[in-house]
Amino acid sequence: MNQKKLSISTAILVCASFILIVTAWFSPALAARDTIQIVGSSTVYPFSITVAEHLGKKGFKTPKVESTGTGGGFKLFCAGVGETHPDISNASRAIKDSEKETCALNGVKDIIEVKIGYDGIVLAVSKKGQPMDLTTKDIFLAIAKQVPDPKEEGKIIPNPYKTWKDINPNFPNIKIEIYGPPPTSGTRDAFLELAMESGAKSFTFLKEMAKKDEKQFKSIAHTIREDGAYIDAGENDNLIVQKLDGNPKALGIFGFSFLDQNQDKIQGCSINGAKPTFENIASGSYPLARPLFFYVKKAHVGVIPGIKEYVEEFLSERAIGDNGYLTQKGLIPLPKEEREKVRNTVKGQL
Amino acid sequence: MNRPSRIPTADIVRRSLPRRYKKERRFLIYGALSIVVCFLFLGIFFSGIFRMGWRAFFETRIKLPIYLDPELILPYNIKESDYGLVISQSLQRFFPDVTSRQEKRELSKLLGAGVEEVLKEFVIKHPEAVGSAVEIWLPAGDGINLINKGVISKERAIQAGLVTEGILQKFEQLSSDGRVSTGFNSRFFTSGDSHTPSMAGIGGAIVGSFYLMVVTFFLSFPIGVGAAIYLEECAPKSRLTDIIDININNLTAVPSIIFGLIGLAIFLNFFKLPRSSPLVGGLVLSLMTIPVIVIASKSALKSVPPSIREAALGVGASKIQTIFHHVVPLALPGMFTGAILGMARAVGETAPLLMVGMVAFVVDIPKKLMDPASALPVQIYLWSDQPDRAFNEKAAAAIIVLIFFMIAMNSAAIFLRKKYERKY
Amino acid sequence: MKNFIAKFINTSALSRDNSYCYQDVSVFLSDTSQLKSKEPFSLPESSKKPCIVCRNVNVFYKNKQAINDVSLDIYRREVLAIIGASGCGKSTFIRCLNRMNDTIEGCRVTGQILFDGIDIHSKDMDVVLLRARVGMVFQKPNPFPKSIYENVAYGPKIHGLAQSKRELDEIVEVSLRKAGLWDEVKDRLSHSGLSLSGGQQQRLCIARTIAVNPEVILMDEPCSALDPIATARIEELMAELSQEYAIVIVTHSLQQAARVSHRTAFFHLGSLIEIGPTEEIFTRPSKKLTEDYITGRFG
Ligand SMILES: Nc1ncnc2c1ncn2[C@@H]1O[C@H](COP(=O)(O)OP(=O)(O)O)[C@@H](O)[C@H]1O
Ligand SMILES: [Mg+2]
Chain Z
1489 MNQKKLSIST
1499 AILVCASFIL
1509 IVTAWFSPAL
1519 AARDTIQIVG
1529 SSTVYPFSIT
1539 VAEHLGKKGF
1549 KTPKVESTGT
1559 GGGFKLFCAG
1569 VGETHPDISN
1579 ASRAIKDSEK
1589 ETCALNGVKD
1599 IIEVKIGYDG
1609 IVLAVSKKGQ
1619 PMDLTTKDIF
1629 LAIAKQVPDP
1639 KEEGKIIPNP
1649 YKTWKDINPN
1659 FPNIKIEIYG
1669 PPPTSGTRDA
1679 FLELAMESGA
1689 KSFTFLKEMA
1699 KKDEKQFKSI
1709 AHTIREDGAY
1719 IDAGENDNLI
1729 VQKLDGNPKA
1739 LGIFGFSFLD
1749 QNQDKIQGCS
1759 INGAKPTFEN
1769 IASGSYPLAR
1779 PLFFYVKKAH
1789 VGVIPGIKEY
1799 VEEFLSERAI
1809 GDNGYLTQKG
1819 LIPLPKEERE
1829 KVRNTVKGQL
Chain B
141 MNRPSRIPTA
151 DIVRRSLPRR
161 YKKERRFLIY
171 GALSIVVCFL
181 FLGIFFSGIF
191 RMGWRAFFET
201 RIKLPIYLDP
211 ELILPYNIKE
221 SDYGLVISQS
231 LQRFFPDVTS
241 RQEKRELSKL
251 LGAGVEEVLK
261 EFVIKHPEAV
271 GSAVEIWLPA
281 GDGINLINKG
291 VISKERAIQA
301 GLVTEGILQK
311 FEQLSSDGRV
321 STGFNSRFFT
331 SGDSHTPSMA
341 GIGGAIVGSF
351 YLMVVTFFLS
361 FPIGVGAAIY
371 LEECAPKSRL
381 TDIIDININN
391 LTAVPSIIFG
401 LIGLAIFLNF
411 FKLPRSSPLV
421 GGLVLSLMTI
431 PVIVIASKSA
441 LKSVPPSIRE
451 AALGVGASKI
461 QTIFHHVVPL
471 ALPGMFTGAI
481 LGMARAVGET
491 APLLMVGMVA
501 FVVDIPKKLM
511 DPASALPVQI
521 YLWSDQPDRA
531 FNEKAAAAII
541 VLIFFMIAMN
551 SAAIFLRKKY
561 ERKY
Chain U
3 MKNFIAKFIN
13 TSALSRDNSY
23 CYQDVSVFLS
33 DTSQLKSKEP
43 FSLPESSKKP
53 CIVCRNVNVF
63 YKNKQAINDV
73 SLDIYRREVL
83 AIIGASGCGK
93 STFIRCLNRM
103 NDTIEGCRVT
113 GQILFDGIDI
123 HSKDMDVVLL
133 RARVGMVFQK
143 PNPFPKSIYE
153 NVAYGPKIHG
163 LAQSKRELDE
173 IVEVSLRKAG
183 LWDEVKDRLS
193 HSGLSLSGGQ
203 QQRLCIARTI
213 AVNPEVILMD
223 EPCSALDPIA
233 TARIEELMAE
243 LSQEYAIVIV
253 THSLQQAARV
263 SHRTAFFHLG
273 SLIEIGPTEE
283 IFTRPSKKLT
293 EDYITGRFG
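Residue numbers (the working numbering), protein chains in the order written: chain Z, 1489 to 1838; chain B, 141 to 564; chain U, 3 to 301.
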C-alpha cells in the first residue's frame, strides 16, 4: 500500500468513527420515536406480534415487540415515562403490587390493564407414552422438594417418591421424570401458583398453614425438588416437546399453544378430570389456566402514534373473538360478555 | 577410554529406528483420526441443519383465478382495499361445492396467511387488471406447504390439526390440474419478520446484521488498531502496560452477556440511545471485538521484523513515520484478519443483543442506524422459540444463511492473509 | 611480519578491474607497498577537523556494560574501520553514533558524543535530524518491501529534499548511480526491492542512505551476508563514497579493514584498545592484544 492511500484510508476511518460517535451522541434529540415499543411475556409474544403486524398494515409503523419475560418486561416498563421507555408490557400474570410501586416511584402512575384471554399450562407426554389422569395433589407430590409424611400427620419430610406408582398405586411403575420451565419464566410462576399451591392445599394442615403462615406455606409449595426428577429444560418450549418425543416416559410442562401445535407428537394429561382442551380452558373447568394481560402506559397514549389503534385492534372481535385470528393462534378467548366489558372499560380509560 | 567407535553408534541408531518410526506412525494415525472425528461432527451438524432448513428456501404456490372485483378494489383506495375478501370470494367461485360456514373458514387455510399482501402488490403493479379475472400464483398455506415439501406426512399433519381431510382433497385436485408448483422463495430473503411463517423472512435481520457489522467495524477497527499501535510501539514497557495487556487478554474471555449489561447501563441508561437500534448493538459488539482486534494487531505488529523499523529510522524517519509508513502496512493483513475473525464471532452473538433490546419482533426493514432492528442470530433464536411448526424450518434456513455468512467472512480473512502475507 | 600483513591486502586495485578474482591470497604476499600506495584512500589534509567526537562513551544494557569508556574522533572524508572479536561491542558503539540504541529497551549511553560540535544527546540535536545526517547501512540487507524507486525516494520524500517529481527522479537516479546499481535496475524501478539479489539489495540500501545526502555513513558489517563478488563491489563503492562522506565501517574481515580503511580502531571486550592509521595498526600495533588479534592468535 502506498503512503498516500494509507493516510487517506486512515483519515476516512477516523472520520467515519467520529461521525458515528457524534450522531450517537445527539441522536435522541434528532427524531421523536414513532414506533410503538412493546416488551414482556414470551407467552403473549406470538399474539402481540400478530396484532402488531396487523397494525403495521394499517399504515402505522409496525410496533417492535421484545420477548423479555413478564418480570423483565415490567422492569423496563416501570423504569420511567418518555421515549426511551416502552409503551406496553405484556404479562402472563397480573402486575404485582411491588411492581406497581416501582412504577409509581419512577413516575409511571397511570397504567391501563387489559385482559386479553387465557392460557393453559399443560402437562403432556409423548404420543408413544401413556397419558395419566393427574390431580393437583399428584403433581405436588411428584414435584415438591418437601411433602407431608404419609405415615405421620402434620410432619414434613424430603420428597421420598421415586416412581409414579409410589404416589398412587394406580399409576404405572415408571420413574418420575418431568421437564419444566426455569425459574425466570412466567409459566413457572403460574404453574407454582395454580398447580402446586392447590395441590398442597389438598392437605388440610397445609391449608391451615396457608392461612396462618403464608411464608412457610409458600416455601413448601413453591420449592421444587432438586434430586433430578424435575429437569430445568430452559426457556425454549420446543426443546421440551422434542425431549418428550424422544423419551415416552417423561412428562413436560409448557404452554397450551405448544400442545396445540404438536398434537401429532404429544398428548396432554387431564388434571382433576379435565382434559387440556380449548373448550375446557375457556369454560374454566381446566384448573391450570391463567389470564393473560397487557399493560399500557397512559402517558404515552397520543404521544406515540398508534397505541390506541393497537389496543383497539387487539380487543376487536376479529382478533380475540371466538374465531379471531388470535384465537386461531391458540389464545383462549374470554367469554363474550367479559370481552365486551373489557372493551368498554379500556375505551373509557384511553 | 572404552568409548565406542563409529560402528556401534550406527548399530544403536539402526536398532532404535523401528521404534522411532512406529512412534511417528502412531502420531500420524492419531492426527488423522482426530481430523476424521472433527469432520464427522461437522458433517452431522451440517447435514442435520441442511436437511431441516433447505426446504425453507422453497415455497409451494397455487395458481388460482382471482376476480379483481372493481366493487371491492376502488381505484382511489388500492392500498386499503379488503384483499382478503377478494380472495375468499374468488375461492368460493372456484369451489362452488363448499357451502357450510365451517368449510368456508377451512378453505382459507389452503392459502398462506399473507396472500392479501401478495395480491395487493400485484394490483399495485397492474392497476389496469382491476375488473378482470386473472390467474395468479399465490403462496400455499403453511400446512399444505409442509406436506407438499415433504416435511411432514399427511397423517401427521391432519393429526396435528395443520390441515383437514377436505382441504387436502382440494389440494390434490388442484395438483392434478397442474395448478401447484414449487419455486424459490425469494420473499425469505427480502421481507422482515412476520407472525405468519409463510410471510416471514430474514431480509430485516440481514440488514440489521449488516448495520451491526458496519458500526462494529468502524468503531472497533480504528480503536483496536490504535490501541495496539500505542501499546506495542509507543508506550514504554512498564508494569502498567503489562497490567493493561493482561486485562485486554482477560476481556476476550469475558462472557458476552456481560458486554450486553455494560451496554445497557452505559448506552441505554446513561446516554439514552434508542433501544433495539443497530447503533447500540454495534457499540456493544464493538466492546466485545476491540480486545480481539487489539491482541491480533499487537501480534501482527510484533511479527514485523525489526530490520524494517531500523531501515526507516536509519534514513531519518521519525517514530510515527516509521510506524505508519512501514510497520502498519506490513501488519495490516494480520490486523484485518484479526478484525474479521473478531467480527465473525460478533455476528453470531445473541446474548449481548438481548440486553439492549435487539431480540425483538421487527417487521419493517431498518433504514437508519437508529431504527429498531434485529439480527440473524436473534431471528434464529426467536423463531426456534415459536410454537408454530413452520417456524422451525425457517430457523434452520436462517442458520444456513448465518453459517454461509461466517464461512464467507472466514474465507475473506484467509484470502487477505494469503494475499498480503510476508511481503518482507 | 610484513609478509603476514600483506595477506590482508587484497588489492583494491584488483577488485576494481572487475576481474573479482579471489585466488589464493599468497599471490599478493610480495608487495606490501600497496598499503601506502592506496591513492584515493589517503587522508586528505582538509579533513583534519573531526566531525564526530566521542569522549568517555559508556553503554549499558540494563546493568551490563557493553562499551567501556571509549573516546575517539571521526574525520570527514575518511574511512574508519572498527575491528574486534564478536561480541566486543562494535555494533553497540556504531549504533551510538546515530542514536539507534534509543530503540533498544534498557539501553543507556553515557559520555559525550559531539556531532559537528553539538552533543547528540542534548536538546539542540534532534534525533531525526541526526539520523538524516548520519546514515546507516545494516548487516543484513533490509530494503523496504516496496519498489526500488520507492526505496530510494523514501528518505528524500520524508525530508522534503525534492521540490518536484523531476527532482526526486534525479535524486533517485544519482543515488543509484553512486551506489553502482543504476545500470542494473534502471529498467525495473517499479519492481520490488526484494526481487534483487543480496548484493544488489545491499547496494540499494546504500543508495537509500546516500539519497538523503548524509555527512556520515555508518556501516555495520555490510558485507557479511554477501558473496565475494558482491563484497568487492561494495568495497569499491566505499572507496568512491569516501571522497564525499565520512564512513565508519564495522567489519569482521581484517582483509576488508586493511583494504578499505584509512584508520582502524580495535575493540576488545567493550574497550577501545588501539586506534591509528590502518597501515600502522596492521604493521606495527602498539598493544599486545591488537597484535594477537590481527595475527590470528585469538578471535
Ligand atoms: N539488545 C541487547 N541487550 C542486551 N545485551 C546486548 C544487546 N545487544 C548486544 N548486547 C551485548 O552487548 C555486547 C556487545 O554486543 P555487540 O555490540 O552486538 O557486539 P559485536 O557487534 O561486536 O559482535 C555483547 O556482549 C552482547 O551480548
Ligand atoms: Mg555486531
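Do not rely on the hints blindly, as some may be mistaken.
To be verified - Here are the computed lysine to aspartate or glutamate pairs in the DMTMM-like style, where the Cα-Cα straight-line distance is at most 25 Å:
1. Z:K1584 / Z:D1701
2. Z:K1545 / B:E164
3. Z:K1817 / B:D209
4. U:K125 / B:E246
Stated by the list, open to error - So, partial list: chain U residues that the calculated Cβ filter (under 8 Å) puts toward chain B:
5. T105
6. P147
7. I160
8. G162
9. L163
10. Q165
Simulated from the structure, these hints should not be mistaken for lab results.
Note that CB positions come from ideal geometry on N, CA and C, so glycine has one too.
Here is how each hint holds up against the structure:
no.	hint	in the structure
1	Z:K1584 / Z:D1701	holds (20 Å)
2	Z:K1545 / B:E164	violated (69 Å)
3	Z:K1817 / B:D209	violated (30 Å)
4	U:K125 / B:E246	violated (92 Å)
5	T105	holds (7 Å)
6	P147	holds (4 Å)
7	I160	holds (6 Å)
8	G162	violated (11 Å)
9	L163	violated (10 Å)
10	Q165	violated (18 Å)
Hint check: violations occur at hints 2, 3, 4, 8, 9 and 10; the rest are consistent with the structure.
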